[in-house]
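Using the hints, put the two chains back together into the complex; each one sits in its own frame.
Below, each chain spelled out in residue letters.
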Amino acid sequence: MSVLSFFTWCENSSLAEAIRQSRWLFPAIESVHLLGLAVIGGAVLVLNLRLLGLGIKRQPAAQLWRDTRPWLLGSLAVMLISGGLLFTSEAVKLYYHEAFWVKMISLLLATVFTFTVLRKVALADPSHVRPLWCKAAATASILLWSMVGIGGRWIGFS
Amino acid sequence: MSLLGFCQWLENTPASIALHESIWGYPVIESVHVLTLCVFLGLTLMFDLRLLGVTLVRTPVSEVAGRLMPWIIAGFVVMVTTGALLFFAIPVKTYLNIFFRLKVAFLLMAGANVAIFQRTIWRSMNQWDLASVPPLRARLAGGVSLALWAAIVVAGRMIAYNWFDKTS
Numbered sequence: 037m038s039v040l041s042f043f044t045w046c047e048n049s050s051l052a053e054a055i056r057q058s059r060w061l062f063p064a065i066e067s068v069h070l071l072g073l074a075v076i077g078g079a080v081l082v083l084n085l086r087l088l089g090l091g092i093k094r095q096p097a098a099q100l101w102r103d104t105r106p107w108l109l110g111s112l113a114v115m116l117i118s119g120g121l122l123f124t125s126e127a128v129k130l131y132y133h134e135a136f137w138v139k140m141i142s143l144l145l146a147t148v149f150t151f152t153v154l155r156k157v158a159l160a161d162p163s164h165v166r167p168l169w170c171k172a173a174a175t176a177s178i179l180l181w182s183m184v185g186i187g188g189r190w191i192g193f194s
Numbered sequence: 739m740s741l742l743g744f745c746q747w748l749e750n751t752p753a754s755i756a757l758h759e760s761i762w763g764y765p766v767i768e769s770v771h772v773l774t775l776c777v778f779l780g781l782t783l784m785f786d787l788r789l790l791g792v793t794l795v796r797t798p799v800s801e802v803a804g805r806l807m808p809w810i811i812a813g814f815v816v817m818v819t820t821g822a823l824l825f826f827a828i829p830v831k832t833y834l835n836i837f838f839r840l841k842v843a844f845l846l847m848a849g850a851n852v853a854i855f856q857r858t859i860w861r862s863m864n865q866w867d868l869a870s871v872p873p874l875r876a877r878l879a880g881g882v883s884l885a886l887w888a889a890i891v892v893a894g895r896m897i898a899y900n901w902f903d904k905t906s
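Same order as they appear, the protein sequences are chains A and B.
Per the working numbering, the first sequence starts with residue 37, numbered consecutively.
Per the working numbering, the second sequence starts with residue 739, numbered consecutively.
Don't take every hint at face value.
What the hints assert, rightly or not - Chain B stretches covered by chain A per the calculated footprint, using a threshold of three residues with CB under 8 Å from any CB of chain A:
#1 759-773
#2 776-790
#3 793-807
#4 890-897
Stated by the list, open to error - With a Cα cut of at most 25 Å, we get these calculated DMTMM-like pairs of lysine to aspartate or glutamate:
#5 K129(A) <-> E768(B)
#6 K831(B) <-> E66(A)
#7 K93(A) <-> D161(A)
#8 K171(A) <-> E801(B)
#9 K93(A) <-> D867(B)
#10 K831(B) <-> E749(B)
#11 K93(A) <-> E801(B)
#12 K171(A) <-> D161(A)
#13 K129(A) <-> E47(A)
#14 K904(B) <-> E768(B)
#15 K129(A) <-> E53(A)
#16 K129(A) <-> E66(A)
#17 K904(B) <-> E749(B)
#18 K831(B) <-> E768(B)
#19 K831(B) <-> E759(B)
Stated by the list, open to error - Computed, partial: chain A to chain B, Cβ under 7 Å:
#20 E66
#21 L71
#22 L81
#23 Q95
#24 G185
#25 R189
#26 F193
Rather than coming from a laboratory, the hints here were simulated on the basis of the structure.
Ideal Cβ positions, reconstructed from N, Cα and C, are used throughout, including at glycine.
Excised from the complex, chain B in its bound form (with noise of 0.2 Å):
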């Protein structure tokens, strides 16, 4: 089944229809997908940026990283679960969305900065953790993470335009 087949059969669930059709189920979804935004993306920039030594450089990192990671692991669960659920209420539309695929693609390459960080420069951490501007790939992870995520918020909100869609 192609992925576009996999879209339709996923928008003929029942349960994908009643979303769509639901009064506040949508709008509620919708709602914590936004605002939890503060939370996930507010303290993960706050990391970033103490990663770039604009903010809390008097923090060490590892205390920043340490107190601030259950907030964004939460946050980021309910990031993706809202933003699943938001995806299954209208898949077809949302798949043929540009917006939408750039969304998917900027996320991918979040992820990629994130891993390439823990297996690199996070290693020696323990030697730059009370640095107040850490090294140089340090502040190159968190300013490639600080341009990703703005231009997912920007993806993210536009995905309601359907301006350069694929026809199916």
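So here's chain A without its partners, still in its complex pose (with noise of 0.2 Å):
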């Protein structure tokens, strides 16, 4: 099945349907798709924040990872099924439109960065880690989670 058949089926089914016939069930989605994304960037940022030096600083960054990793998780969780109801609901038109496969590269980046650059990065010993690289990988996180945001608000115009 390629990609454009699989989103046809997606915008065909019934789910997507109800989403497109209730008035009020896009909006209440595109809000709670809104309270995640803050929760995502309050997680992320706690911790870039940390590791360039401009946050929290007396907890090392290892204690910082652990407390916001289940904010940051759960709010992903959020955003995946509130972004992907969203997505059903319009999805042959989104297959069309750049943004969303720029938001789409995006996330999938930022997320496996912040899972594996970004976690060595945190949990490793401080005393092993040059402050450079904590700053050039919290900025690289910064960098594509705002491109995942940018992504998301561009999906709006068209």
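Put into structure tokens, the structure is as follows:
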């Protein structure tokens, strides 16, 4: 099955139909998506500001990684579910929208980067990681997550 | 001059018309408003969650507040500025929008919540600074803040819909 036929199948599903028929379902799901955005932003920033030396300073980065991880994972789950529902309701339109693909690729890169490179830098013994590496990883993480957000906002302009 | 009269006057100023009709200006301001949510609200929520004792429990409350507050304040300034510009571009319709009015009401309540918090339980913060779960009144302030900000986000999103607009 091609990607486009999968997207078409999504859009023709009864779930997608229900979201399109409802007056308030789409804005309600969008609101949940926005609330998830705030939580993801907070969790990502608390850790990255620490790595940049611009936020909470006296706690080890490893501790902040462990403290924020459940909120990051939880909000990611909320985003994927609410985003998935928004996607189904207009899947074919999104297939032809470049912003959607920019967002999906950024999301994949940001997630993989966070749970590999950033995780490693955050959990590493501070005496073995150069501060410059911490700052580079945090900057890359913020840029990648920003791309996801900007891509998402861009989807709205069509 | 009534509030509506003021909005009508505002709507006819050349700057308001220019912003309303701009191709890039309005969408860029709107995008900045939405994406600054991550900084302002994201960090505010992390502080609220610390007050509730559900995250950053080993970090003193004073450190969470002190180190995050500059970012929260900077984010707030961007939110208020871009928000005011969005209102300025479409004053009358926004003023008549029920969700806008709800948002303003919730914002005032969130402000009152902060003011009460600062004048009461925050004064004794040095006694519970290191507590993983702060006292009830601090948790209450955090919980009320979370609920109000969620309502503010939902109301803000709904301003785009004119379902229950009042007629002028």
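Against the structure, the hints come out as follows:
Counting residues of the region 759-773 of chain B whose beta carbon lies closer than 8 Å to any beta carbon of chain A gives 4, which reaches the threshold of three, so the coverage claim holds. Under a criterion of three residues with beta carbons nearer than 8 Å to beta carbons of chain A, the stated coverage of the region 776-790 of chain B is upheld, 9 such residues being counted. Interface restraint, the region 793-807 of chain B with chain A: holds (9 residues with C-beta to C-beta distance below 8 Å; minimum three). Under a criterion of three residues with beta carbons nearer than 8 Å to beta carbons of chain A, the stated coverage of the region 890-897 of chain B is upheld, 4 such residues being counted.
This hinted pair checks out: K129(A) and E768(B) have alpha carbons roughly 23 Å apart, not beyond 25 Å. Between K831(B) and E66(A) the CA atoms are separated by roughly 22 Å; this keeps the pair inside 25 Å, and the hint holds. For the hint linking K93(A) to D161(A), the alpha-carbon distance of about 15 Å falls within 25 Å, and the restraint holds. For a cut-off of 25 Å, the pair hint linking K171(A) to E801(B) stands: about 21 Å separates their Cα positions.
Taking the CA atoms of K93(A) and D867(B), the gap is about 16 Å. The hint holds against a cut of 25 Å. The straight-line distance between the Cα atoms of K831(B) and E749(B) is roughly 10 Å, inside the 25 Å bound, and the hint therefore holds. Taken as a hint, the K93(A) and E801(B) pair is honoured in the structure, with Cα atoms around 8 Å apart against an allowance of 25 Å. Between K171(A) and D161(A) the alpha-carbon distance is near 15 Å, which keeps this suggested pair within the 25 Å criterion.
About 9 Å separates the Cα atoms of K129(A) and E47(A), which keeps this hinted pair within 25 Å; it holds. At roughly 24 Å between alpha-carbon atoms, K904(B) and E768(B) fall within 25 Å of each other, so this suggested pair holds. Restraint check for K129(A) and E53(A): satisfied, since their Cα atoms lie roughly 14 Å apart, inside the 25 Å limit. With a C-alpha separation of about 17 Å, the suggested pairing of K129(A) with E66(A) holds against the 25 Å cut-off.
Restraint check for K904(B) and E749(B): the C-alpha separation of about 17 Å stays at or below 25 Å, so the hint holds. With a C-alpha separation of about 16 Å, the suggested pair K831(B) and E768(B) falls inside the 25 Å cut-off, and the hint holds. A distance of roughly 15 Å separates the Cα atoms of K831(B) and E759(B); the hinted pair therefore holds under the 25 Å criterion. With its C-beta approaching chain B no nearer than about 6 Å, E66(A) sits inside the 7 Å limit, and its interface hint holds.
With a least beta-carbon distance of about 6 Å to chain B, the hint placing L71(A) at the interface is held under the 7 Å criterion. Annotation: L81(A) was flagged as interfacial toward chain B, and the flag holds, the nearest CB pair being 6 Å apart, inside 7 Å. The beta carbon of Q95(A) comes within 5 Å of a beta carbon in chain B, closer than 7 Å, and the hint placing it at the interface holds. This hint holds: G185(A) has a C-beta 5 Å from the nearest C-beta of chain B, less than the 7 Å allowed.
At a threshold of 7 Å, the smallest CB-CB gap from R189(A) to chain B is about 5 Å, leaving the interface hint in force. Here the hint on F193(A) is kept, as its CB sits about 6 Å from the closest CB of chain B, short of 7 Å.
Violation of the numbered hints given earlier is absent; every hint is satisfied by the structure.
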